[in-house]
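With the hints as extra help, turn the sequences into a complete structure.
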Amino acid sequence: MQQDKTERQNSSYRFRHWENLPRGESLRLMVGHEIEDSLFQTEGERLLLVGSMAGELDVSSFQGEQKICVDACQGPDVDLMNEPHCLAIQTRSVDIVVLPLVLDFYPYPHQILAESHRVLVEGGCLIIIVINPYSFWGLRSWWGAKQQQANWPSTLLSNRRIEDWLNLLQFQICNKKTFGPLMPMRLRKKTLPFSLSMGKKKANQLGGLNMLVATKTTESMIHLRDRWRRFELQGNPGFSKAQLSRSQPFRPKQEIIVYEK
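So the mapping is simple: the numbering used here equals the position in the sequence shown, first residue as 1, plus 6.
It is possible that part of the hints are untrue.
Label-pair ranges, simulated between beta-carbon atoms [as the list claims (entries may be wrong)]:
| hint | residue 1 | residue 2 | range |
| --- | --- | --- | --- |
| 1 | K182 | Y114 | 14 to 24 Å |
| 2 | Q96 | L188 | 40 to 50 Å |
| 3 | D43 | D83 | 16 to 26 Å |
| 4 | T97 | W149 | 38 to 48 Å |
| 5 | T97 | S164 | 27 to 37 Å |
| 6 | S164 | N26 | 22 to 32 Å |
| 7 | Q178 | D43 | 12 to 22 Å |
Rather than coming from a laboratory, the hints here were simulated on the basis of the structure. No residue lacks a Cβ here, since even glycine has one placed at the ideal position from N, Cα and C.
Have a look at this one:
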């Protein structure tokens, strides 16, 4: 079953483009806007975009020295052909890593995060965007996966699960938000009052996309304890140190006391 799931994910490489998703152009513009805001607040000279969808984003506001797009398949925006879960990039050589919908559409999501941690410098920034599983987009993805449609991911990751993985990799969550359109399809005018009656706060919680921004923390040193030394208890009056030593359990001498008349 796991092998069939991996084969299905591998066969969906050609569908990993914004144009193959409902309202793909709107999603691309929204995601690009959120990423540009995060890049504006982040310092870095080397940017790594993972996935073909990342290469289609407009990040022209990035003024760093180098920008590279990595994907498993060749494309017009791909600079390096490489699997996201085994990046052929030097360790601690990237300042910012962007993963737009990569954890949803690519296999081995945990390994992708581990590789992102490896290539990031200390204090580097990781930007993750995934489909919100608790939304109408998540429901549409579940239905598409059930119908074996390759353009929809078969497994969606919640924020709690991603945060657990990031904590294990010593990432610190800086920002997280839910955004994006409420419905995968465009709503008609008759259904607009129903969506507006939900309220802005609830509508934001049901947005189609989740965004997490994390920072790679500095690896803390493990202080070794001092070498073990023999510890002797303080002796009480009437007892010797040898009797109270931990290496020699206390065994009081049995003496016969004779009282003189």
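Quick rundown of the hints versus the structure:
1. K182 / Y114: 14 to 24 Å: 23 Å, holds
2. Q96 / L188: 40 to 50 Å: 42 Å, holds
3. D43 / D83: 16 to 26 Å: Taking Cβ atoms as reference, D43 and D83 lie about 21 Å apart, which means the hint holds.
4. T97 / W149: 38 to 48 Å: With Cβ atoms ~41 Å apart, the hint holds.
5. T97 / S164: 27 to 37 Å: Check passed, 29 Å falls within 27 to 37 Å.
6. S164 / N26: 22 to 32 Å: 24 Å, holds
7. Q178 / D43: 12 to 22 Å: 19 Å, holds
Comparing the model with each numbered hint stated earlier shows that all of them hold.
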